[in-house]
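Novice: Given the sequences, and given the hints that come with them, work out the whole structure.
Those protein sequences? They're chains H and S, same order as listed. Per this note's numbering, numbering through the first sequence is continuous, rising by one, with the last residue being 97. Per this note's numbering, numbering through the second sequence is continuous, rising by one, with the last residue being 616.
Simulated from the structure, these hints should not be mistaken for lab results. Any given hint could turn out to be false.
[Said to hold, decoys possible] Pairs of lysine to aspartate or glutamate residues, derived as EDC-like cross-links and limited to a Cα-Cα distance of at most 20 Å, are as follows:
(1) S:K395 - S:D408
(2) S:K133 - S:D143
(3) H:K92 - S:E206
(4) H:K64 - S:E117
(5) S:K546 - S:E474
(6) H:K24 - H:E54
(7) S:K8 - H:E80
(8) S:K61 - H:E77
(9) H:K64 - S:E219
(10) S:K61 - H:E89
(11) S:K404 - S:E331
(12) H:K96 - S:E215
(13) S:K233 - H:E54
(14) H:K24 - S:E206
(15) H:K64 - S:E114
(16) H:K53 - H:D70
(17) H:K53 - H:E72
(18) H:K66 - S:E218
(19) H:K91 - S:E117
(20) H:K46 - S:D232
(21) H:K43 - H:D70
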Amino acid sequence: MKKATIQLEDLVCPSCMQKIDKAVKSLEGVVKESVSVLFNASKVKLEFDEEKTTIERIENAITSLGFEVKKTQVKN
Amino acid sequence: MQRFILKRKNQIILIDLALIITGFVGKLGFQNEAIFNWALGAASVLGILPIAIQAFQSLKVKVVSIDVLVTIAVVGAFIIKNYEEAAIVAFLFLFGAFLERRTLTKTRSAIKELTEMAPETALKLIDGEFEKVDVDEVCPGDVVLVKTGAKVPVDGHVQAGEGFVNESSITGEAMPVEKSAGSKVYAGTFLENGTLWVVAEKVGEDTTFGRIIELVEEAQDSKSAAERFIDKFAKFYTPAVLVLAALVGLITLDVPLAITILVLGCPGALVIGVPVSNVAGIGNGARNGVLFKGSEVMNSLSKVDTFVFDKTGTLTVGKPEVVDVEFYDEKDSVLSHLASVESESDHPLAQAILKYIGEGKRQPVESREVVKGEGIVAKVGGKDVAVGNVSLMKREGILIFEKALEDIKNFEKKGDSLVLVAVSRELKALFGIRDQIRPGVKEDLERLKKLGAENLIVLSGDNQGTVDLVAKELGLSEAEGNMLPEDKAEYIKELRGKGHVVAFVGDGVNDSPSLALADIGIAMGGGTDVAIATSDVVLMNSDFKRLPYAFGIAKATVRNMRENIFIAVGVVIVLLTGLLSGDWLTMSIGMLVHEASILAVILNGMRLLGFKLRK
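Specialist: As structure tokens, this is what we get:
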């Protein structure tokens, strides 16, 4: 189980959070209860099982929604 | 391809604006309908592209977002050949988002500044050479070099070197502090002058600075009960509006009406309103040395009606001083015996006496016994010496004569703590010791009252006389002395039981139970680990002045949130009635009002950034 903190470009629209939240939660291997989208900090924090998915897949899910990923930190 | 278009949003906004202006000039200036239709048609198509892409993405994750509704609205308007509406709505939506981004970024700037002060690189000692590395690559035990003009990258102690460090980012103190071998240094502070070799003890998130940043970042996105309710509401609102619009469209067959309903389909102002106030309030606080651990904390603090203070170290300086002295025999010999006995004591009263005596002859101490709660009994230079309170004197059978009794009464009336000194079984001196009240506290307490605090109470382990005097001088409503930590906690429980909202202000070290039981715990320990861990509101440099500031800004933030909710709801009501009551509400106007309301709450939130306490 790994912890990821993904820094995005500034989140501005209220519905952005919902989209990112749903997109990330729908990925297999992401621990749904651990997902939190921080509006003001423009960050996404989550836990995921590295055997079931990769951080790249998670980042892709976000960028394909139209949000730029600025920096990602993955810890154990 | 999609990303290409999404990245060019700003250019699209400009082109759209140009096309719209061209269209209107064409129609109004040159009576040319064709140009009008083509220009606006083009503007609609161009404008809807990014919006449609976003709508598509959102539908892919099964979210019905405002993009979806706006896309349907614009496409709908386009189909019924209402190019004007289509173009303007698309433009306003894009432009509105642009303005929101700018203003929201500004609102979040206070906290951004804080996080940007975090050190990013360090000069780490690797194989005998100092190399520049990412600050994350430094581990506890590593040695880093800090040169003049650089930020200290880690928490640790100085191995060698000396210099002056500006610690204002942690303590708020603007005066640089001298550091040399053995001194502790903190990440995020600034080496103004000198060179330091530092052994790292804590790095990254574990440093004091790192924890402060994490605290502030978490606080800005912590959700109060009200926010969580609004979020839940928002999830249903947008799809509900879509359904409503569809129904209205099918029933009335009034397509423009149905489409206009779509445009109202985002509770944007409501959803952003509270977080915006929150981030501005917390950001302003952080800039001014007050860290709130969340918007719920702000909420609770704003409702506080009773402040309970610990005395020593909170209301008082925490360094007792000798203020009154009476000698009953020759001064010098008494003092040298006294100093010899006290010099091994950690007790604040002993420290006060030693400070008073200063340099001087010390005599050999042959034996020494501490009597708990009363004082010290010792043999110094062959003589029996007893130093302590009245109980100790009674225990040792030392006579307290008339004059001394009178002096004792006088000192107690003044609020002094008493230390009696007896040498060779005779009372030789009486010391009156007081812990001075912190400068400015009286005015700060006045400010608290002005802001709405009803009760100001002091609880202390000191005697009732001292406590009563402090209460009188500071204008407190109640004073309780002789309190053990458990008694203080019990007292707070009772206050809350009576319905008061209680804030406890203490020094964080031995007041944990009280801090935990109060509605709001405020530790005056500055940025120390203990203060950060135990309090709900951290006053960065233990400056008492920050207390009324914290109270003030909590109230202002809560007021601001309410204003925003009011604006958001008010606008929705106005739009709904406008929709039902007449024709003046077109799609464009609806979108304009919608975007304006979002900007209004953001701008209102920004006002909090400039909050200052009125004298």
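Novice: Each hint should be assessed against the structure and marked as holding or not.
Specialist: Right, here's what the structure says about each hint:
{"no.": "1", "hint": "S:K395 - S:D408", "verdict": "holds (17 Å)"}
{"no.": "2", "hint": "S:K133 - S:D143", "verdict": "holds (13 Å)"}
{"no.": "3", "hint": "H:K92 - S:E206", "verdict": "holds (16 Å)"}
{"no.": "4", "hint": "H:K64 - S:E117", "verdict": "holds (15 Å)"}
{"no.": "5", "hint": "S:K546 - S:E474", "verdict": "holds (18 Å)"}
{"no.": "6", "hint": "H:K24 - H:E54", "verdict": "holds (13 Å)"}
{"no.": "7", "hint": "S:K8 - H:E80", "verdict": "holds (18 Å)"}
{"no.": "8", "hint": "S:K61 - H:E77", "verdict": "holds (19 Å)"}
{"no.": "9", "hint": "H:K64 - S:E219", "verdict": "holds (11 Å)"}
{"no.": "10", "hint": "S:K61 - H:E89", "verdict": "holds (18 Å)"}
{"no.": "11", "hint": "S:K404 - S:E331", "verdict": "holds (16 Å)"}
{"no.": "12", "hint": "H:K96 - S:E215", "verdict": "holds (16 Å)"}
{"no.": "13", "hint": "S:K233 - H:E54", "verdict": "holds (16 Å)"}
{"no.": "14", "hint": "H:K24 - S:E206", "verdict": "holds (14 Å)"}
{"no.": "15", "hint": "H:K64 - S:E114", "verdict": "holds (16 Å)"}
{"no.": "16", "hint": "H:K53 - H:D70", "verdict": "holds (11 Å)"}
{"no.": "17", "hint": "H:K53 - H:E72", "verdict": "holds (16 Å)"}
{"no.": "18", "hint": "H:K66 - S:E218", "verdict": "holds (12 Å)"}
{"no.": "19", "hint": "H:K91 - S:E117", "verdict": "holds (15 Å)"}
{"no.": "20", "hint": "H:K46 - S:D232", "verdict": "holds (17 Å)"}
{"no.": "21", "hint": "H:K43 - H:D70", "verdict": "holds (18 Å)"}
Of the numbered hints given earlier, the model fails none.
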